[in-house]
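Residue numbers (my numbering), protein chains in the order written: chain A, 1 to 375; chain B, 1 to 296.
It is worth saying that the hints were derived from the structure and are not from the lab.
Idealized CB from N, CA, C, for every residue including glycine.
Incorrect hints may appear among the rest.
As a list, the in silico DSSO-like pairs of lysine-lysine whose alpha-carbon atoms are at most 27 Å apart [stated by the list, open to error]:
hint, chain 1, residue 1, chain 2, residue 2
1, A, Lys134, A, Lys67
2, A, Lys327, A, Lys154
3, B, Lys55, A, Lys366
4, B, Lys167, A, Lys363
5, B, Lys55, A, Lys264
6, A, Lys78, A, Lys161
7, B, Lys55, B, Lys167
8, A, Lys161, A, Lys327
Partial pick of chain B residues on the chain A-facing surface, computed with a CB cut under 7 Å [said to hold, decoys possible]:
hint, residue
9, Gln6
10, Gln7
11, Leu14
12, Glu59
13, Thr124
14, Val140
15, Thr257
16, Asn260
17, Gly261
18, Ser265
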Amino acid sequence: MRFPLRTVSIVIAAASFAALVCAEDTIKIGEFASMTGKEATFGQISHQGALLAIEEVNAAGGVLGRKLELLTEDDQSKPGESATIVKKFISRDKVVAILGEIVSSRTLEAAPICQNAKIPLVSPGATAPEVTTKGDYIFRACFIDPFVGTITAKFARDTLKVRRAGILSSVSSAQSVGLAKFFRERFTAEGGTIALEQKFGEGDKDFRAQLTAIRAAGVDGVFIPAYYTEAALICKQARDLGLVIPLFGTDGWESAEFLATGGKAVEGCYLVTHYSPENHSPLVRAFNARFQQRWDTPSNALSALGYDAAMLIVDALRRAGTTDSAKLRDALAATAGFVGVTGVFTLDAQRNPTKSAVVLTVKNGKFAFVQDVSP
Amino acid sequence: MAEFLQQLLNGLSLGAIYALIALGYTMVYGVLRFINFAHSDVFMVGSFIGYYAGKLVPENTIWGGLIVLVISMVGCAILGMTIERLAYRPLRGAATLNVLIAAIGVSLLLEYSGQVFFGAAPRTFPALFPSINFSVGGLVLSTNQLLVIVVTTLLMVALQFIVHRTKIGTAMRAVSLNPKAAQLVGINIDVVISFTFALGSALAAAGGILYALNYPSIDPLMGVMPGLKAFVAAVLGGIGNIPGAALGGLILGVVETFVNGSQWSTYKDAIAFAILIIIMLFRPAGLLGKFTIEKV
């Protein structure tokens, strides 16, 4: 009985030693994303961008003389999953940094865990302001809701000439609530009126009641801070009810499903987002070509943000010269003038980037570039 | 006034969908005295059958739409009978609670196998029937909404006819009254129960197709919320009672729509369910249900 036990323990010791050696070989970066579920395209697309960045860095020889390894886990677009995944990344996989989620609410679940473990978290697309307030180890590659809300209000006032606006926001999404608030603040500060704000809940499919009330309020534009599944149905039902006024939203709309479900109803709708592959800058064109070659599909805002988020970590690793988490954090926080595909990044004291935004419209069933908006 | 009428119309068309799903719940309950929680997932399977069958027929044609509707109803009738044969029949005679748990199991099985087979991402449902929006005096209504109201009414009348005027319907009511006595007078209980499930599941399939036509984004968990609302509608109207299910569905749809269109839209489900609780306090058997005192 004693003999096999000793053999087993030797084998275990050998295996754990081997694992230790392996772990020293690569620099591990964890990534949690919604690869399946309601916001599946968000996770899949930002993952494509992040993976492309890691592959390019590895092809060029890696960082600090070591190769990078991207560990990706699916949170199924469900609340609660991301916390579990992040705990596993930190305690079992010993990652040096974590790439967060596109969706704010799921990034918010993971942020306190990363902060307590002192592992830097970089979210490609969580735009809710409170994400980075969870601690000084939490970063993001996207601009935040106050900025998007402000830019959308500015665009609605100046370009669309909206005077009385309606808002249809979600009660269950942190991003939607924030966007509606900042849009309202800026829009009323510019002299516009918010005639009516209506709410909908998680999983709703019928918005005719809210839209009928908005129609009755006599508005000349509706701001819809919602994700693409709901936004497409909202636009469709708004057009069915005879609302021919401009409908506009934000980066949450940017998905092929929005165009497929919305069909003719979403033609001429506007959205403010992070990036457009139609931008003429040589950097964006080159990135788009590489992305197209790797994934056989054009890049979009989320893939560009996924790419930039991964490159922010790589850039910080190079400047820190070590994988030590405190030094890596300091290097990330010191990011200034970093040239990403979604603009030139400088992180402010709250670890939020300042950079430019773009306005897109839907034309012939495709997203088309309208204009650049600088902060 | 125009807004009020438009909201009423919105509410009725939403309520008609709840009513259609509620019919299936109430019928199975009427015969077997048990709530088939898998009903809302058969509803989901129905719309996915429609999604795949819809690719085989030309879009925007009436005959194409009808063929898809029939395929989906037949497919779900077979699914319903299979579920009954495999999951519920072995438990016949066991405590009601066991069957109820089995029903929840079947429901979860369908939802999560749906995620494996159909994928978890929402799909865009094809436009099966030609759809036109018409407006009468400022009131806007689409043909799809009208279709829901018409189909729900037709199916409800057909169901009333089957249950009260046909031989199999008489057998269903006999089984409902006393299964043992029904067997003694020569009714084949297995056939009657299979038929009940086939009918209920076909109704769920019709509901699934109509729901997806109005809200063309379908996913494997799409049945959960409408299923819950329809169950509430069935209880509200008096479970086991066919006109009651329709009435309950309409009330729930209209209340939800009016709350949604008001400044309290944040609390719409809370208000809708509070009304349910109040009605149940005053009429425990539901609006049209009969309250019977069990004598020992």
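>> Let's test the interface hint: is any C-beta of chain A closer than 7 Å to that of Gln7/B?
In response: 6 Å, holds
>> Holds or violated: the hint that Glu59/B contacts chain A, with Cβ atoms closer than 7 Å.
In response: 11 Å, violated
>> Hint validation: Ser265/B versus chain A, beta carbon distance must be below 7 Å. Holds or violated?
In response: At 4 Å from the nearest chain A Cβ, Ser265/B passes the 7 Å test, so the hint holds.
>> Next pair to validate is Lys55/B with Lys167/B; report whether the Cα-Cα distance is within 27 Å.
In response: 38 Å, violated
> Regarding the pair Lys161/A and Lys327/A, is the alpha-carbon distance no greater than 27 Å?
Replying inline: Judged against 27 Å, a Cα distance of about 49 Å means the pair is violated.
>> Given Leu14/B as an interface hint, is its Cβ closer than 7 Å to any Cβ of chain A?
In response: With a minimum Cβ separation of about 5 Å from chain A (threshold 7 Å), the hint on Leu14/B holds.
>> Lys55/B and Lys366/A were given as a pair; does the straight-line alpha-carbon distance stay at or below 27 Å?
In response: 23 Å, holds
>> Would the hint on Thr124/B be counted as holding, given a Cβ-Cβ threshold of 7 Å to chain A?
In response: 4 Å, holds
> Given Val140/B as an interface hint, is the shortest Cβ-Cβ distance to chain A below 7 Å?
Replying inline: Given a least distance of 5 Å, the restraint on Val140/B holds.
> If you take the shortest Cβ to Cβ gap from Gly261/B to chain A, is it below 7 Å?
Replying inline: 4 Å, holds
> For the pair supplied as a hint, Lys55/B and Lys264/A, is the alpha-carbon distance within the 27 Å limit?
Replying inline: Holds, at about 20 Å.
> Hey, Lys327/A versus Lys154/A, does the alpha-carbon distance stay inside 27 Å?
Replying inline: 39 Å, violated
Hints 1, 2, 4, 6, 7, 8 and 12 from the earlier list are contradicted by this structure; the remaining hints agree with it.
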